[in-house]
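*Asks:* Kindly produce the complete structure, drawing on both the sequences and the hints.
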Amino acid sequence: MFDIRRREFLGLIGGAATLWPLTGHAQQPTVPVVGFLNSASADGYASMANAFRQGLKEAGYVEGDNVAIEYRWANDQYDRLPALAADLVSRRINVIFANSPSIVAAKAATSTIPIVFVSGDDPVRLGFVASLNRPGGNATGVAILSGELGAKRLELLRELIPQAKTIAVLINSDFGPSARFRGDVERAAPALGLTLPFLQANNEGEIDAAFTSLDSRRERLVALAAKIAIPAAYETRATAVAGGLTSYGASVGDAYRQAGIYVGRILKGEKPAELPVPLATKIELVINLRTAKALGLTVPDKILVAADEVIE
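By the numbering used here, the letter at position 19 of the sequence shown is numbered 19, and the numbering carries on one by one without gaps.
Derived from the structure by calculation, the hints contain no laboratory data. It is possible that part of the hints are untrue.
To be verified - Okay, derived cross-link-like pairs now, EDC-like style, lysine to aspartate or glutamate, Cα gap no bigger than 20 Å in a straight line:
1) K282 <-> D254
2) K293 <-> E309
3) K282 <-> E309
4) K57 <-> E270
5) K165 <-> E186
6) K302 <-> E155
7) K107 <-> D122
8) K271 <-> E58
9) K152 <-> E186
10) K282 <-> D121
To be verified - Ranges of calculated distance between the beta carbons of each label pair, as one might list FRET restraints:
11) Q54 <-> L279: 16 to 22 Å
12) A130 <-> D76: 27 to 33 Å
13) N50 <-> T166: 36 to 42 Å
14) K152 <-> L199: 28 to 34 Å
15) D76 <-> K268: 29 to 35 Å
16) V62 <-> F198: 42 to 48 Å
17) K152 <-> N50: 25 to 31 Å
18) K152 <-> P197: 17 to 23 Å
19) T166 <-> G64: 51 to 57 Å
Source: prediction; values computed, not measured. From the three backbone atoms N, C-alpha and C, an ideal C-beta is built for every residue, glycine too.
*Replies:* Rendered as structure tokens:
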């Protein structure tokens, strides 16, 4: 961890130096400090942190040069987030960045320090902002399309496994977009000739039970799917990189980059209340060929051509 705000005081050296005018020794400007609050781990979100720093750079700020970043990682222990947020606030940082599970803690910790978020759910519905166009208050950020792309992932699995008649859908009802996601895939299923049993899993223990009976713990989900050789489609690139068959969804990395740009704009004097919340519209399709081969699947050429990334 770094000291959040450091002041360097110029002292009088003594002797004749005490007669020098103080204006000749002006205090160095204070480097702004950004608090980076994340519910996950530094290892798991290294690529996202890099994307965030890239956005800051595009806005004119380079870590270690003209901006400092204080990182706080909860390592998937969500109950730690309020204390981590309070710690950042106590250090009088300039802006807080918060990922989706961290926003509530950040908002509860301060109503004055600007907050920039990446939200996987509707920030208006959750009360983070007054509206997408004019957020109001001290928070703004980027909203990621989540449940709205469920039908496309279902169609993708159907193309990868054309003989499939039943595709199980694992959902977490505690996650806001789950209801929209369920409605999306239920409407798409008849045209694809599919039956959709829904499996409920709101925590890690229920994930185990769901797979025996057959978002937030991607390694566990991928490992269990691989263990029982079930092809699975996911929302984020990280799950395909971790060994999932395929992912189709908004680029979380690009959302983090956009958030970094917003943090830079706020450091330059813009107000979060006046920065509209954009939707993350960069969609990426990732195929893991290693996993496909392990499952005995042949990926159609048209999917390979359409893929933004193929992991071999």
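*Asks:* Taking the hints in turn, state whether each one holds.
*Replies:* The hints, checked one at a time:
At most 20 Å may separate the alpha-carbon atoms for a hinted pair to count; K282 and D254 meet this at roughly 7 Å. The straight-line distance between the Cα atoms of K293 and E309 is roughly 16 Å, inside the 20 Å bound, and the hint therefore holds. The hinted pair formed by K282 and E309 meets the criterion: a straight-line CA distance of about 14 Å does not exceed 20 Å. With a C-alpha separation of about 17 Å, the suggested pair K57 and E270 falls inside the 20 Å cut-off, and the hint holds.
Proximity of K165 to E186 is assessed by CA-CA distance (about 14 Å); at most 20 Å being required, the pair is judged to hold. Pair hint K302 plus E155 holds up; C-alpha atoms about 13 Å apart against a cutoff of 20 Å. At most 20 Å may separate the alpha-carbon atoms for a hinted pair to count; K107 and D122 meet this at roughly 16 Å. Only pairs whose Cα atoms come within 20 Å are accepted, and K271 paired with E58 is accepted, the gap being roughly 18 Å.
Proposed proximity of K152 and E186 is supported: the alpha carbons are some 12 Å apart, at most 20 Å. Between K282 and D121, the direct Cα distance comes to roughly 16 Å. Compliance with the 20 Å bound is thereby established for this hinted pair. Judged by the Cβ atoms, the range 16 to 22 Å given for Q54 and L279 holds: they are separated by roughly 20 Å. Distance hint for A130 and D76: a CB-CB separation of about 31 Å, consistent with the stated range 27 to 33 Å.
Between N50 and T166 the beta carbons are some 39 Å apart, a value that agrees with the proposed interval 36 to 42 Å. Roughly 20 Å separates the CB atoms of K152 and L199, a value that falls outside the hinted 28 to 34 Å. Taking the beta carbon of each, D76 and K268 are about 34 Å apart, inside 29 to 35 Å as hinted. The hinted range of 42 to 48 Å is satisfied by V62 and F198, whose Cβ atoms lie roughly 47 Å apart.
The hinted window of 25 to 31 Å between K152 and N50 holds, with their beta carbons roughly 27 Å apart. Checked against the hint of 17 to 23 Å, the C-beta distance between K152 and P197 comes to roughly 20 Å, which is consistent with it. Range check, T166 to G64: about 53 Å between beta-carbon atoms, so the 51 to 57 Å window is met.
The structure shown violates just one earlier hint, number 14.
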